[in-house]
Amino acid sequence: MKDKRILYVSSEVVPYLPENDISSAAFEAPKLINAAGGQTRIFMPRFGNINERRHQLHEVIRLSGMNLVINDLDMPLIIKVASIPKERMQVYFIDNEDYFKRKATFSDEDGELFEDNDERAIFFAKGVIETVKKLNWAPDIIHVHGWMSSLLPMYLRHYYGNEPLFSDAKIVTSLYNQSFEGALDDEMKKKVLFDGIEDDAVAHLDNPTHDNILKVAIDNSDGLVIGSEEISEDLKAYIEKSELPILPYVKREEMANAYQTYYLKDILNEEED
1 MKDKRILYVS SEVVPYLPEN DISSAAFEAP KLINAAGGQT RIFMPRFGNI NERRHQLHEV
61 IRLSGMNLVI NDLDMPLIIK VASIPKERMQ VYFIDNEDYF KRKATFSDED GELFEDNDER
121 AIFFAKGVIE TVKKLNWAPD IIHVHGWMSS LLPMYLRHYY GNEPLFSDAK IVTSLYNQSF
181 EGALDDEMKK KVLFDGIEDD AVAHLDNPTH DNILKVAIDN SDGLVIGSEE ISEDLKAYIE
241 KSELPILPYV KREEMANAYQ TYYLKDILNE EED
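Numbered as in UniProt numbering, the sequence shown ends at 273 without a single skipped number.
Check the hints yourself; a few may be wrong.
25 Å max Cα-Cα, derived BS3-like pairs, lysine-lysine [unchecked claim]: (1) K236 x K251; (2) K2 x K265; (3) K265 x K4; (4) K191 x K101; (5) K251 x K86; (6) K103 x K133; (7) K31 x K191; (8) K236 x K170; (9) K80 x K134; (10) K2 x K251; (11) K4 x K133; (12) K31 x K133; (13) K2 x K133; (14) K4 x K86; (15) K170 x K241; (16) K2 x K170; (17) K241 x K265; (18) K103 x K80; (19) K251 x K265; (20) K170 x K134; (21) K265 x K170; (22) K101 x K80; (23) K4 x K236; (24) K265 x K31; (25) K4 x K134; (26) K103 x K2; (27) K4 x K31; (28) K31 x K134; (29) K133 x K191; (30) K251 x K4; (31) K133 x K170; (32) K31 x K80.
Distance ranges between label pairs, derived from CB positions [unchecked claim]: (33) A138 x E19: 29 to 37 Å; (34) K101 x D200: 29 to 37 Å; (35) A258 x N20: 17 to 25 Å; (36) K241 x Q56: 43 to 51 Å; (37) E19 x D186: 30 to 38 Å; (38) A258 x K2: 36 to 44 Å.
In short, the hints are calculated from the structure, not lab data.
Virtual Cβ for every residue (Gly too), placed ideally from N, Cα, C.
Please put together the full structure from these sequences, using the hints given.
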């Protein structure tokens, strides 16, 4: 993996949020790639329950200050950064007061999904891409984790498709069993179409359930990773029809070799060193 550039985009990363399949994989994978000589960047939302003082987050003024248009509204983009202790890894945080200041991730204190989770996902996807453009950092692979990140592959293909920085990038999506009940806002598809995305690219968003949002990511990916021991039968069936290279679920102690081989051989079509 020497000098290969991999962009990790995740809704959750340890140590900033509690440990689960998504947050653990989004920490372990870049750590392994760094150890193998690769270069990584990690992006996640700056949820309000992340302790900025404890984790020493600070705003990057040169990257902040842009407005992103979400459903015809200008929403300021704030970029913060922190370093993971004892690891030579930086994490970039996509922030906006309206979307991410609240002291929770996806649901309120009654367990109800936030009504604007769809807009938060759109903002996160566009915010990551715009920030990477400002960094002028061309990734070889973009690896997406968690449903809140899963619009990014579609935006890269259909909204930023002519952006030269990403022209050679391969997209990998990890699939997990951490879902949510019900669906996001029924206007979600309309909000995405506002960006000039073609209707057939987001047909699954007619009913924006967890699995349907991930199907949009699958449709725009070059490879898939099974991140949990069990995933829904609906997703399993859809994956089987995709004909994409798949890395089956592997335990943490097996990740280093499995991910390296998968990235190089199946995604980049290169031989291992």
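Tested hints:
For the proposed pair K236 and K251, the alpha carbon gap of about 19 Å is at most 25 Å, so the pair holds. A distance of roughly 14 Å separates the Cα atoms of K2 and K265; the hinted pair therefore holds under the 25 Å criterion. Restraint check for K265 and K4: the C-alpha separation of about 13 Å stays at or below 25 Å, so the hint holds. Between K191 and K101 the alpha-carbon distance is near 22 Å, which keeps this suggested pair within the 25 Å criterion.
Taking the CA atoms of K251 and K86, the gap is near 23 Å; set against the 25 Å cutoff, the hint holds. Annotation: proposed proximity of K103 to K133 is violated, straight-line Cα distance about 29 Å (limit 25 Å). At roughly 36 Å between alpha-carbon atoms, K31 and K191 are farther apart than 25 Å, so this suggested pair is violated. Restraint check for K236 and K170: the C-alpha separation of about 22 Å stays at or below 25 Å, so the hint holds.
Taking the CA atoms of K80 and K134, the gap is near 14 Å; set against the 25 Å cutoff, the hint holds. The straight-line distance between the Cα atoms of K2 and K251 is roughly 23 Å, inside the 25 Å bound, and the hint therefore holds. Proximity of K4 to K133 is assessed by CA-CA distance (about 18 Å); at most 25 Å being required, the pair is judged to hold. In summary, the hint linking K31 to K133 is supported, as the alpha carbons are separated by about 23 Å, within the 25 Å threshold.
Proximity of K2 to K133 is assessed by CA-CA distance (about 23 Å); at most 25 Å being required, the pair is judged to hold. In summary, the hint linking K4 to K86 is supported, as the alpha carbons are separated by about 22 Å, within the 25 Å threshold. At roughly 20 Å between alpha-carbon atoms, K170 and K241 fall within 25 Å of each other, so this suggested pair holds. Using a Cα cut-off of 25 Å, the hinted pair K2 and K170 holds, with the two alpha carbons roughly 17 Å apart.
About 21 Å separates the Cα atoms of K241 and K265, which keeps this hinted pair within 25 Å; it holds. The hinted pair formed by K103 and K80 meets the criterion: a straight-line CA distance of about 17 Å does not exceed 25 Å. For a cut-off of 25 Å, the pair hint linking K251 to K265 stands: about 20 Å separates their Cα positions. A hinted pair counts as satisfied when its Cα atoms are at most 25 Å apart, and K170 with K134 qualifies at roughly 20 Å.
Note on K265 and K170: the hinted pairing holds, with a Cα-Cα distance of about 12 Å set against a maximum of 25 Å. Distance check on the hinted pair: K101 and K80 sit about 13 Å apart at the alpha-carbon level, within 25 Å; holds. A threshold of 25 Å between alpha carbons decides the hint, and for K4 with K236 the separation of about 30 Å lies outside it, so the pair is violated. As the CA atoms of K265 and K31 are separated by approximately 20 Å, the hinted pair is consistent with the 25 Å bound.
Of the pairs offered as hints, the one joining K4 and K134 holds, with about 19 Å between alpha carbons and a cut-off of 25 Å not exceeded. Pair hint K103 plus K2 does not hold up; C-alpha atoms about 39 Å apart against a cutoff of 25 Å. Distance restraint check for K4 and K31: the Cα-Cα separation of roughly 13 Å lies within the 25 Å cut-off, and the hinted pair is therefore satisfied. Between K31 and K134, the direct Cα distance comes to roughly 24 Å. Compliance with the 25 Å bound is thereby established for this hinted pair.
Of the supplied pair hints, the one linking K133 and K191 holds, its CA atoms being roughly 23 Å apart against a limit of 25 Å. Pair hint K251 plus K4 holds up; C-alpha atoms about 23 Å apart against a cutoff of 25 Å. Distance restraint check for K133 and K170: the Cα-Cα separation of roughly 16 Å lies within the 25 Å cut-off, and the hinted pair is therefore satisfied. The straight-line distance between the Cα atoms of K31 and K80 is roughly 20 Å, inside the 25 Å bound, and the hint therefore holds.
Between A138 and E19 the Cβ separation comes to about 31 Å, which falls inside the hinted range of 29 to 37 Å. For the hinted restraint 29 to 37 Å between K101 and D200, the CB-CB distance of approximately 36 Å keeps it satisfied. A hinted range of 17 to 25 Å for the beta carbons of A258 and N20 is consistent with their spacing of about 20 Å. The hint said 43 to 51 Å for the Cβ distance between K241 and Q56, and at roughly 45 Å that hint holds.
Between E19 and D186 the CB atoms are about 33 Å apart, so this pair conforms to the stated range of 30 to 38 Å. One distance hint, 36 to 44 Å for the beta-carbon pair A258 and K2, is violated here, with the actual separation near 18 Å.
Violated hints, in rising order: 6, 7, 23, 26 and 38; the structure is consistent with all others.
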